[in-house]
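**Q** Please put together the full structure from these sequences, using the hints given.
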Amino acid sequence: MSQAQALARHQQRVEELCAASIRALSAQVDLHFRGRRLHRGQKVLPLFAPHLHPALESADFASFRGAADGLALRLRLSDGALHQELCPSDPVARLVFELLEQFRVEALVPDTMPGVRRNLHHCFNTWAQAFHDGGLTDGVSGMLMFAVAQVCRARVTNEQILEQFEDMLESARGDLSGLIGAQLAVLRRARHEQAHYAVHALAIAAAVAGRLQDLVAQAGQSQASGENDAVSAFALLMDIQGELTERFATAVSGRSRVLEAAGGGYQVFTTAYDSQRDAASLVRKDLRLEYRERLDKRIREQGINLMRLSRELRALLALPAIDGWDGGQEEGQIDGRALAQLVVSPTERRLFRLQRVEPRADCVVTFLIDCSGSMKQHIETLAVLLDVFVRALELAGVSSEILGFTTGAWNGGRAHKDWLAGGRPEHPGRLNEVCHMVFKDADTAWRRARPDIAAMLKADLFREGVDGEAVQWASSRLYARTEERKLLVVVSDGSPMDSATNLANDGHYLDHHLRDVVQAIESGGRIGIYGLGVGLDLSPYYSRSHVLDLEMATANQLLREIAMLIGSRAQR
Amino acid sequence: MTPLTEQQPTLQLSVREVFGIDSDLTVPAFKERDEHVPEIDPVYRFNADVTLAILAGFSRDRRVMVQGLHGTGKSTHVEQVAARLNWPCVRVNLDGHISRLDLVGKDAVVLKDGQQVTEFQPGIVPWALERPVALVFDEYDAGRPDVMFVIQRVLERDGKFTLMDQNRVLRPHPYFRLFATANTVGLGNLNGLYHGAQKLNHAQIDRWNIVASLNYLPADEEAAIVLARVPSMDNDKGRALVRSMVAVADLTRKGFAAGDMSTLMSPRTVITWAENVEIFQDTARAFRLSFVNKCDEAERSIVAEYFQRCFDLELGESYALGGQVA
Numbered sequence: 001m002s003q004a005q006a007l008a009r010h011q012q013r014v015e016e017l018c019a020a021s022i023r024a025l026s027a028q029v030d031l032h033f034r035g036r037r038l039h040r041g042q043k044v045l046p047l048f049a050p051h052l053h054p055a056l057e058s059a060d061f062a063s064f065r066g067a068a069d070g071l072a073l074r075l076r077l078s079d080g081a082l083h084q085e086l087c088p089s090d091p092v093a094r095l096v097f098e099l100l101e102q103f104r105v106e107a108l109v110p111d112t113m114p115g116v117r118r119n120l121h122h123c124f125n126t127w128a129q130a131f132h133d134g135g136l137t138d139g140v141s142g143m144l145m146f147a148v149a150q151v152c153r154a155r156v157t158n159e160q161i162l163e164q165f166e167d168m169l170e171s172a173r174g175d176l177s178g179l180i181g182a183q184l185a186v187l188r189r190a191r192h193e194q195a196h197y198a199v200h201a202l203a204i205a206a207a208v209a210g211r212l213q214d215l216v217a218q219a220g221q222s223q224a225s226g227e228n229d230a231v232s233a234f235a236l237l238m239d240i241q242g243e244l245t246e247r248f249a250t251a252v253s254g255r256s257r258v259l260e261a262a263g264g265g266y267q268v269f270t271t272a273y274d275s276q277r278d279a280a281s282l283v284r285k286d287l288r289l290e291y292r293e294r295l296d297k298r299i300r301e302q303g304i305n306l307m308r309l310s311r312e313l314r315a316l317l318a319l320p321a322i323d324g325w326d327g328g329q330e331e332g333q334i335d336g337r338a339l340a341q342l343v344v345s346p347t348e349r350r351l352f353r354l355q356r357v358e359p360r361a362d363c364v365v366t367f368l369i370d371c372s373g374s375m376k377q378h379i380e381t382l383a384v385l386l387d388v389f390v391r392a393l394e395l396a397g398v399s400s401e402i403l404g405f406t407t408g409a410w411n412g413g414r415a416h417k418d419w420l421a422g423g424r425p426e427h428p429g430r431l432n433e434v435c436h437m438v439f440k441d442a443d444t445a446w447r448r449a450r451p452d453i454a455a456m457l458k459a460d461l462f463r464e465g466v467d468g469e470a471v472q473w474a475s476s477r478l479y480a481r482t483e484e485r486k487l488l489v490v491v492s493d494g495s496p497m498d499s500a501t502n503l504a505n506d507g508h509y510l511d512h513h514l515r516d517v518v519q520a521i522e523s524g525g526r527i528g529i530y531g532l533g534v535g536l537d538l539s540p541y542y543s544r545s546h547v548l549d550l551e552m553a554t555a556n557q558l559l560r561e562i563a564m565l566i567g568s569r570a571q572r
Numbered sequence: 001m002t003p004l005t006e007q008q009p010t011l012q013l014s015v016r017e018v019f020g021i022d023s024d025l026t027v028p029a030f031k032e033r034d035e036h037v038p039e040i041d042p043v044y045r046f047n048a049d050v051t052l053a054i055l056a057g058f059s060r061d062r063r064v065m066v067q068g069l070h071g072t073g074k075s076t077h078v079e080q081v082a083a084r085l086n087w088p089c090v091r092v093n094l095d096g097h098i099s100r101l102d103l104v105g106k107d108a109v110v111l112k113d114g115q116q117v118t119e120f121q122p123g124i125v126p127w128a129l130e131r132p133v134a135l136v137f138d139e140y141d142a143g144r145p146d147v148m149f150v151i152q153r154v155l156e157r158d159g160k161f162t163l164m165d166q167n168r169v170l171r172p173h174p175y176f177r178l179f180a181t182a183n184t185v186g187l188g189n190l191n192g193l194y195h196g197a198q199k200l201n202h203a204q205i206d207r208w209n210i211v212a213s214l215n216y217l218p219a220d221e222e223a224a225i226v227l228a229r230v231p232s233m234d235n236d237k238g239r240a241l242v243r244s245m246v247a248v249a250d251l252t253r254k255g256f257a258a259g260d261m262s263t264l265m266s267p268r269t270v271i272t273w274a275e276n277v278e279i280f281q282d283t284a285r286a287f288r289l290s291f292v293n294k295c296d297e298a299e300r301s302i303v304a305e306y307f308q309r310c311f312d313l314e315l316g317e318s319y320a321l322g323g324q325v326a
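Taken in sequence, the protein lines are chains A and B.
Here the working numbering is used: the first residue of the first sequence is 1, the next is one more, and so on.
Here the working numbering is used: the first residue of the second sequence is 1, the next is one more, and so on.
Any given hint could turn out to be false.
What the hints assert, rightly or not - One side only, chain B facing chain A, incomplete, derived with CB under 10 Å:
(1) A223
(2) A224
(3) M233
(4) K237
(5) A240
(6) F256
Hints are computed from structural coordinates only; laboratory data are not their basis.
Glycine is no exception: its CB is placed at the ideal position from the N, C-alpha and C atoms.
**A** This is how it looks when you write it as structure tokens:
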């Protein structure tokens, strides 16, 4: 788990830096990574070329830099619409055409940026090495693609092929020069003009696709495995997305056919068993006090700098506001009360008063905690963090809420029984008893809410989770508040999960709804919503999210990270 | 030497010759150099658009405001044009505490024949108004909008100026000129860079005849400016270095526009950097001292990425040096 968490954090850091570089290099503002894919706003961008997607565990940072630079150059120097229009429909030809266009922009690196050139070179060669080491060049078709990529890149960018590949490519090169030699010769000269370049690139793509077909046909006659070999080579080249979701700790998310087909949108089978409960009604008093002692002990052990955190939060969340007058000033407006003083001592100069400006936080922060079964292992650390954070917020003059969501029972509970009794109507929608919990509401001070916050530690509250509805509930509570700035932080370690709902509808019913809800709130703009993933990348749901590594980092660092997330500038 | 109030521009200079701008315009210029004429900076490079706007201000009596981000050389631009025309030029730095009395004038106690008497001392506006002087309001948007109404009438071309304290109406000297420079266009501190910038009254902004915008220059021009300032770098190696430095600066500006950075490198920072390279003989160290240390700690690793792109070197803050998976 800790390895996975560390990896998720590494990924996030890398993606942050790469996205920042892409934004600067391409001069386009609204680019960011979500679920390892580059997005513009809410839209996912094409993959462009296979070597631009290094594997997270194995690739070094320089490869990611190269990939980011490649993407940035592509976005900046290539006309996407023109490229789309010219793109051939045959998959192999399209792949070659994509590669060639990518090589074109990589050849256009300005002289002022030697680092970019080196990153691109490194990234491509690392990819080529992995391709080769993976045994993909053993088959004829894999070898052909490899040779095309190597030879074309060397020609277009005028960079040398690596020594270790030189001998290997000897024969393939001769073969290629007969096939596409004439086109290759003009490619570099045409690199400044996309349309002109595309004519030659298309010719190369068509020739390579034709040659591959011949090879596959030949192989089909001589040995049956030829086809498989070609297929596997392209699986690596083209189907990158399929592999990604399994490899990394990214929240798995998909579209739900049932939800899309349903005219009325998200449905709830019955709300009869839903409940909203206060912590006090969930856990009896002496148990809450016992939990509180446990929590206090852990907080003491952490050595948390509360005052510093609250100062940081105040700097992040407060705005200057006028708050009364300061008298006895040497300049400003004349203070009538001081005039008598002037009569008595004419040299007195402190007769003025100035308006006092104090930072004031007109802000409310809600923490919504996923109380699904898997969160049980993290809750103690999380409770420590939230307790301290809420206290620091209170010191900074910010009100806060701690809410939780779970279900009233496992496997659908009474709602599921009703559904069975009703003859299992098709696509019933959400099928469980939703339970929303209030550990601390915004009007209760931290001091009074202390035992209630500790109620989080009770293990049997943790069942399943219907995130979408919980986010709706938490946001409706926020909308009712008068504070100008409303922030909602959703803490979760997984996608929405409710087995009965998933069985009765389809696997993505709940997470599709969560995404819709979050997107509606994000585009509404009145609430800032943030995803705080516990060892999980929540970026598929939330455009602003952060991965917490509870085991690796110290409490002070984690608190600082939460504060940074809340204070982060809006990402477009 | 003729007294300032009686001086007149007698020469006509060709813009092409003096400023190296491809234009057939000629501009009036003074023969004598008054003490108020700024020093000529021989290596100063003029931006064609802004220079033409300022020259229109001088030759056709237009009120010109130059807007631009910091460190782009707005005020210097006006000053250097004036220097080449031998036009007396007075810069006034506005701030939030400049009051009406400072601009118009006030009664002050002066010693006359050994007697203390109160006498009206004209402020900078009436003083300049009666002379062939280019008055430049620097940081125009730092002035309080209610105070700036003092110059409302002067902004009109032949607007007279009434001294209420003295019941006197001043007619502007025919060669009096008015310029202003500002970071914002009077809409306040929108991007968080310019703390203290005021929202200006748009009835007043409207009276400026020409608003020239001097934002960051094309990379080649900026590199040329840096080389002009730091001539020791004007060799093949130095030129390549400066071009990469300008490329880093450009990335920080793009990053600023995207919200990744809260500071950006102005041309002035690039010049400082180049000068510091001369001192320390180490590009990375000079970069740290002239820019990285001005950035928020959280942003330094991003700056390190920009630096790596343009120099193929790692900065100490780089994630590549310390951020591998544990």
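**Q** Going back to the hint list, which numbers does this structure go against?
**A** Hints 2, 3, 4 contradicted; others consistent.
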